[in-house]
Amino acid sequence: MTPGGKSLKLARRLKGATKYAILDAVSPIVAVLFAMAVASIALVIIGKNPFQVYATMVSFSFGRADSVASIFFKATPLIFSGLAVAVGFRVGLFNIGVEGQYLMGAFLASWAGFAIKGLPGYVHLPLVILAGALGGALWAFVPIWLKVKRGVHEVITTIMLNHTAFLLLHYLIFDVFMDKSQVVVGGAGSPRVRMPPIELSARVPNLHDALAVFGINLPAHAAVNWLLIGGIALAVGVWYLLWRTPFGLELRTVGHNPRAAETAGIRPQVVYFKAFLLSGAVAGLVGLSDLLGYFGYLDIDFPRGYGFAGIAVALVGRNSPFGIILAALLFGFLSRGGLGIQVLERVPMETYVILQGLIILSIVVASEVVRRYVRAQQKKEEAAAHAEP
Amino acid sequence: MGVSEAVLRVDGVTKRFPGVVANDDVSFDVRPGEIHAVVGENGAGKSTLMKIITGLYPPDKGEIFLRGLPAAFRSPRQAIAAGIGMVHQHFMLVQNFTVAENVILGAEPARRGLIDLREAARQVAELCRRFGLKVDPLARVEDISVGEQQRVEILKVLYRGADLIILDEPTAVLVPQEVSELFEHLLTLKEQGKTVVFISHKLDEVLRVSDRITVLRRGRVVGTVRTGGVTRQRLAEMMVGRPVLFDLRRSANPPGDPVLALEGVTASLGGREVLRDLSLVVRSGEVYGVAGVEGNGQTELAEAIMGLRPVDSGEIRLRGENITNLPTGEVRQRGVAYIPEDRHRRGLALPMTVWENAILGTHRSSEFASRGRLDLRRAFRATEESVLRFDVRLTSILAPVQTLSGGNQQKLILAREFRGQPAFILAAQPTRGLDIGATEFVRQQLLSARDSGAAVLLISADLEEILSVSDRIGVIYNGHIQAEFSQDEADPRTLGAYMTGARTRERKGAAGR
Numbered sequence: 036m037t038p039g040g041k042s043l044k045l046a047r048r049l050k051g052a053t054k055y056a057i058l059d060a061v062s063p064i065v066a067v068l069f070a071m072a073v074a075s076i077a078l079v080i081i082g083k084n085p086f087q088v089y090a091t092m093v094s095f096s097f098g099r100a101d102s103v104a105s106i107f108f109k110a111t112p113l114i115f116s117g118l119a120v121a122v123g124f125r126v127g128l129f130n131i132g133v134e135g136q137y138l139m140g141a142f143l144a145s146w147a148g149f150a151i152k153g154l155p156g157y158v159h160l161p162l163v164i165l166a167g168a169l170g171g172a173l174w175a176f177v178p179i180w181l182k183v184k185r186g187v188h189e190v191i192t193t194i195m196l197n198h199t200a201f202l203l204l205h206y207l208i209f210d211v212f213m214d215k216s217q218v219v220v221g222g223a224g225s226p227r228v229r230m231p232p233i234e235l236s237a238r239v240p241n242l243h244d245a246l247a248v249f250g251i252n253l254p255a256h257a258a259v260n261w262l263l264i265g266g267i268a269l270a271v272g273v274w275y276l277l278w279r280t281p282f283g284l285e286l287r288t289v290g291h292n293p294r295a296a297e298t299a300g301i302r303p304q305v306v307y308f309k310a311f312l313l314s315g316a317v318a319g320l321v322g323l324s325d326l327l328g329y330f331g332y333l334d335i336d337f338p339r340g341y342g343f344a345g346i347a348v349a350l351v352g353r354n355s356p357f358g359i360i361l362a363a364l365l366f367g368f369l370s371r372g373g374l375g376i377q378v379l380e381r382v383p384m385e386t387y388v389i390l391q392g393l394i395i396l397s398i399v400v401a402s403e404v405v406r407r408y409v410r411a412q413q414k415k416e417e418a419a420a421h422a423e424p
Numbered sequence: 194m195g196v197s198e199a200v201l202r203v204d205g206v207t208k209r210f211p212g213v214v215a216n217d218d219v220s221f222d223v224r225p226g227e228i229h230a231v232v233g234e235n236g237a238g239k240s241t242l243m244k245i246i247t248g249l250y251p252p253d254k255g256e257i258f259l260r261g262l263p264a265a266f267r268s269p270r271q272a273i274a275a276g277i278g279m280v281h282q283h284f285m286l287v288q289n290f291t292v293a294e295n296v297i298l299g300a301e302p303a304r305r306g307l308i309d310l311r312e313a314a315r316q317v318a319e320l321c322r323r324f325g326l327k328v329d330p331l332a333r334v335e336d337i338s339v340g341e342q343q344r345v346e347i348l349k350v351l352y353r354g355a356d357l358i359i360l361d362e363p364t365a366v367l368v369p370q371e372v373s374e375l376f377e378h379l380l381t382l383k384e385q386g387k388t389v390v391f392i393s394h395k396l397d398e399v400l401r402v403s404d405r406i407t408v409l410r411r412g413r414v415v416g417t418v419r420t421g422g423v424t425r426q427r428l429a430e431m432m433v434g435r436p437v438l439f440d441l442r443r444s445a446n447p448p449g450d451p452v453l454a455l456e457g458v459t460a461s462l463g464g465r466e467v468l469r470d471l472s473l474v475v476r477s478g479e480v481y482g483v484a485g486v487e488g489n490g491q492t493e494l495a496e497a498i499m500g501l502r503p504v505d506s507g508e509i510r511l512r513g514e515n516i517t518n519l520p521t522g523e524v525r526q527r528g529v530a531y532i533p534e535d536r537h538r539r540g541l542a543l544p545m546t547v548w549e550n551a552i553l554g555t556h557r558s559s560e561f562a563s564r565g566r567l568d569l570r571r572a573f574r575a576t577e578e579s580v581l582r583f584d585v586r587l588t589s590i591l592a593p594v595q596t597l598s599g600g601n602q603q604k605l606i607l608a609r610e611f612r613g614q615p616a617f618i619l620a621a622q623p624t625r626g627l628d629i630g631a632t633e634f635v636r637q638q639l640l641s642a643r644d645s646g647a648a649v650l651l652i653s654a655d656l657e658e659i660l661s662v663s664d665r666i667g668v669i670y671n672g673h674i675q676a677e678f679s680q681d682e683a684d685p686r687t688l689g690a691y692m693t694g695a696r697t698r699e700r701k702g703a704a705g706r
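For the protein sequence lines, the chains are A and B, in the order given.
Take 36 as the starting number for the first sequence in the numbering used here and just add one per residue.
Take 194 as the starting number for the second sequence in the numbering used here and just add one per residue.
Fair warning: there could be bad hints in the mix.
Claimed, not checked - According to the in silico footprint, chain B covers these stretches of chain A (three or more CB under 8 Å from chain B):
| hint | region |
| --- | --- |
| 1 | 280-293 |
| 2 | 364-378 |
Unchecked claim - Derived DSSO-like pairs: lysine-lysine, alpha-carbon spacing no greater than 27 Å straight-line:
| hint | chain 1 | residue 1 | chain 2 | residue 2 |
| --- | --- | --- | --- | --- |
| 3 | B | K254 | B | K383 |
| 4 | A | K184 | A | K309 |
| 5 | B | K254 | B | K244 |
| 6 | A | K415 | B | K383 |
| 7 | A | K415 | B | K254 |
| 8 | A | K152 | A | K83 |
If you're looking for bench data, these hints aren't it; they were derived computationally from the structure.
For every residue, glycine included, the Cβ atom is placed at its ideal position computed from N, Cα and C.
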């Protein structure tokens with residue numbers, strides 16, 4: 036046995052593993068195509084030509100720069116919420132509470148955005164973003180504290196805190212921080228139920244100037260902003276944390292087998308605590324793209340549902356940070372394309388919901404099929420390696 | 194010996210599962226009134242073969258003949274109806290039913306639509322008398338011993354009229370006395386004209402009780418031999434495919450200083466005391482074996498030492514330092530290696546990769562982590578070294594650890610735990626479920642660690658293992674060390690008496706040696 040020969044063999048073995056990684060990456064694409072095929076049945080039943088519908092979906096979504104920008108804008112909060120859910124999943128916790136956490140994050144950010152005045156943007160904006168993260172983490176603190184100290188299941192507490200967050204937000208906006216300075220033209224309705232506008236120093240700039248450098252000129256109404264880049268950077272950060280740091284290794288070990296982690300000297304309760312607060316902090320950023328990059332104020336009709344969508348995004352993205360970016364973009368495209376086919380093809384908006392549901396199902400099934408196949412193959416290879424010597 | 198004589202004839206049976214051939218053209222026959230042993234390592238295909246015979250799996254190829262007639266059972270029920278009874282390794286009894294109720298379950302004698310329990314008890318008592326099986330038909334199963342429970346399982350198949358009885362690893366759960374009793378029962382069954390197929394990997398037992406032996410290796414029949422015409426050594430060679438070292442070479446080490454000491458340790462679980470006033474000392478350069486019937490506090494003992502379970506009173510000292518109730522991580526940092534009894538539940542994170550599992554526990558050491566970053570290159574290199582040194586067979590260190598066989602998973606745990614030259618090694622059931630080759634390897638590693646000065650605490654349900662590896666032996670019963678022996682004064686019968694609680698509270702002078 037020469038050492039050289041042995042390490043050569045190991046190198047070959049490493050190559051074998053990439054083969055499965057590719058298979059793993061291809062399976063969601065196949066699943067999406069499969070889901071589109073099944074959704075065609077629904078389209079045929081309502082008397083539409085699926086090919087034409089899908090063609091319109093694509094041409095409408097990608098036909099114009101502002102339409103593409105809209106996909107990215109829609110994807111931005113989903114990247115954050117997908118990441119928040121995935122961090123929970125990776126440690127073995129089901130964070131259903133992203134919904135409530137981002138509302139609280141948005142509230143705290145909004146408060147820091149209007150109440151603090153006179154700071155330059157490069158101080159104010161980071162502060163406001165931090166306030167958002169803090170709001171989310173605070174709202175995550177209660178369930179994880181109850182879980183670690185008292186063994187209360189996080190699914191129950193986070194669901195209840197979602198309702199609490201929404202009602203609390205109503206109270207805070209309507210009764211405490213309502214913007215009284217709104218000028219309502221006589222006889223033209225009532226003032227908006229919203230908090231005071233956020234200082235310009237805490238607004239997130241859009242991407243127009245940056246994109247103009249590359250010769251892409253967006254019309255003024257496109258809302259895609261720097262938080263898209265922020266979300267992608269955060270995905271890289273989460274990936275790094277999970278796969279390149281000792282804490283990430285602990286987090287994933289606890290997620291797979293808390294007892295083995297405990298036996299190795301890791302304290303699962305501490306890891307649960309830290310990871311869930313992190314999940315909450317990321318969740319606190321979900322609403323900021325809308326808040327700081329689009330509306331500029333927090334009102335009672337602030338977009339909801341990103342938290343639940345994040346569960347689907349994490350699922351489709353297989354809890355992988357880069358998968359989540361792609362999944363968020365896919366959902367952004369479906370939402371934008373759904374709008375297109377509603378207007379141009381007179382296909383009901385629900386078609387988009389059907390397609391989205393089918394895609395989630397197909398990807399979950401496909402990934403399971405691939406997982407089993409890869410497992411069987413690896414077992415076979417392992418058996419072969421056994422016979423080899 | 195004509196073929197028609199055979200009660201059971203297996204002819205060219207092949208069974209494939211994804212990736213493995215579990216049975217490859219297996220043929221053998223069982224003659225009426227014999228005790229026929231089927232031996233082989235784990236994974237040799239014994240269980241699959243029995244499942245095919247009893248109709249749980251259909252064979253891919255080949256046939257089964259029962260008394261000369263083709264018998265392709267499609268369900269265990271058909272096999273039972275044809276007179277084949279199976280006694281499983283893990284008993285399938287209803288704990289709060291009586292013996293008689295368990296025996297008749299599924300084939301109840303009824304009168305006017307009601308179960309006739311009196312008739313049932315009478316029939317069961319009659320069976321007991323006829324086959325010399327001592328068990329009270331009216332006792333509740335939860336109140337009787339493991340050996341008696343096994344008799345209930347045998348009664349179940351007799352009650353259903355089986356004349357070919359298959360026992361799957363029947364001695365795995367028994368203490369030595371119970372094994373002897375079981376063998377007497379088997380001989381009685383044989384005298385009464387029943388045929389017995391006895392599946393085992395314990396060669397001594399097979400040689401003691403069987404008439405003929407069929408050896409399986411990697412799904413193939415190596416041969417069928419007459420028990421009188423074969424030695425243990427030869428049988429082991431047939432099983433493993435190469436000569437096997439039975440007597441582990443051990444040097445006589447003078448024991449060194451105490452490394453681990455437990456003094457009056459008491460722990461409870463849900464209000465019940467699981468460790469009672471437990472004391473023991475393990476010295477450097479010795480293996481201290483803890484023998485006992487499972488469920489007498491072995492698991493709790495290991496967890497208490499490792500800080501995985503709170504200790505109520507008493508003290509655990511490592512090299513003089515009190516480590517009682519210290520967090521697991523800190524216990525480990527003091528040079529403690531731990532091979533947990535259940536490698537899937539406590540030893541490994543199965544879906545994670547080989548390298549991740551290989552550095553688990555030391556992942557925060559300066560070797561693998563610097564400035565909050567994992568040094569993958571070093572982790573890979575260390576894993577590759579471990580894999581080569583402990584001969585772990587695998588396809589890739591990036592593959593999930595669940596793709597490894599049980600033996601290789603255990604070797605990986607050993608490689609991980611032995612890396613830091615531990616002063617104290619806690620090995621709980623380290624060879625459970627491993628084949629002969631891997632078992633031999635693990636035991637040798639434990640002994641070589643001992644030879645280089647480590648203190649080893651070996652907790653095992655396998656008495657043979659305790660006797661062959663330990664320098665001193667303590668018997669645990671009911672959470673307490675009942676007696677201690679040095680290796681040369683220990684014999685299975687005496688140990689067995691303490692293990693069952695037949696003898697208690699005695700401490701021999703070995704501890705002070």
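Here is how each hint holds up against the structure:
Given as covered by chain B, the region 280-293 of chain A passes the check, having 10 residues with a CB less than 8 Å from a CB of that chain where 3 are the minimum. Under the rule that three or more residues need a Cβ within less than 8 Å of chain B, the assignment of the region 364-378 of chain A is violated, with 0 such residues. Proposed proximity of K254(B) and K383(B) is contradicted: the alpha carbons are some 31 Å apart, above 27 Å. Restraint check for K184(A) and K309(A): satisfied, since their Cα atoms lie roughly 14 Å apart, inside the 27 Å limit.
Distance hint between K254(B) and K244(B) is fulfilled; the C-alpha atoms sit about 14 Å from each other, no more than 27 Å. A hinted pair counts as satisfied when its Cα atoms are at most 27 Å apart, and K415(A) with K383(B) does not qualify at roughly 42 Å. Among the hinted pairs, K415(A) with K254(B) is consistent with the structure: their alpha-carbon atoms are about 21 Å apart, no more than 27 Å. Between K152(A) and K83(A), the direct Cα distance comes to roughly 55 Å. Violation of the 27 Å bound is thereby established for this hinted pair.
Hint compliance for this structure: hints 2, 3, 6, 8 are broken, all remaining hints hold.
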